[in-house]
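Asker: Sequence:
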Amino acid sequence: MMTPDLNSLPEAATWHYAVALLLSAAFGVVAHVVRAVFNILPDRLSDRPTMDLIISDGYDWKDRLFGTEYNEAGYYRLDSLHNLGLSVRWCTFSGFLTLLLSPGASKIAAYCIDSSLAALVDLFWYRVETFAWW
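The numbers in numbering that gives the first Met the number 0 rise by one with no breaks, and the one at position 87 of the sequence shown is 86.
There's no promise every hint is true.
What the hints assert, rightly or not - Quick list of simulated restraints, FRET-style, between CB atoms:
no., residue 1, residue 2, range
1, Ser45, Leu100, 35 to 41 Å
2, Ala17, Ala118, 15 to 21 Å
3, Trp132, Trp89, 47 to 53 Å
4, Phe95, Leu116, 18 to 24 Å
5, Lys61, Phe130, 48 to 54 Å
6, Leu100, Gly66, 25 to 31 Å
7, Leu21, Pro41, 28 to 34 Å
8, Ser7, Val120, 21 to 27 Å
What the hints contain is simulated information worked out from the structure, not anything from laboratory work.
Note that the structure is predicted; figures quoted are calculated from it, not measured.
Positions of the beta carbon are idealized from the N, C-alpha and C atoms, including for glycine.
Start from the sequences and build out the full structure, keeping to the hints where you can.
Answerer: Next comes the structure, spelled out in structure tokens:
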């Protein structure tokens, strides 16, 4: 498949932005689950946040500023709606800024969304044409 020229791509419509933001919110959910499930070392090593900022790899200024919740062992809480909301909002905000500020990102996102929808429609009609009862 050839990569199209960036100048030949049409501009993104409003619904492209909505779909891209929904996808980045879904990425935020996945990032939340991955951070909670696949973390083998605890993020918080002590009861003092400033000490954790210095000695811990998983605890940083964003966690202190936004109040990320941890369990009593120092691990990121999977069952925290606050943590889920932080992750989703952070990924959605980052995706929106990327679409607005990165040159050509909205065109590329629109191209990928349009190509994906066309592939899904083609797959649907292929399944309808090749459907057999038995």
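Asker: For each hint, tell me whether it holds in the structure or not.
Answerer: These are the hints, each one checked on the structure:
Hint check: Ser45 to Leu100, Cβ distance near 38 Å, so the stated range 35 to 41 Å holds. Separation of Ala17 from Ala118 is about 20 Å and conforms to the stated range, judged on CB atoms against 15 to 21 Å. For Trp132 paired with Trp89, a C-beta distance near 49 Å keeps the hint of 47 to 53 Å intact. Judged by the Cβ atoms, the range 18 to 24 Å given for Phe95 and Leu116 holds: they are separated by roughly 21 Å.
For Lys61 paired with Phe130, a C-beta distance near 50 Å keeps the hint of 48 to 54 Å intact. The beta-carbon spacing between Leu100 and Gly66, approximately 27 Å, falls within the hinted interval of 25 to 31 Å. At about 33 Å, the beta-carbon gap between Leu21 and Pro41 stays in the expected band of 28 to 34 Å. Checked against the given bound of 21 to 27 Å, the beta carbons of Ser7 and Val120, roughly 22 Å apart, stay inside it.
Hint violations for this structure: none, all hints satisfied.
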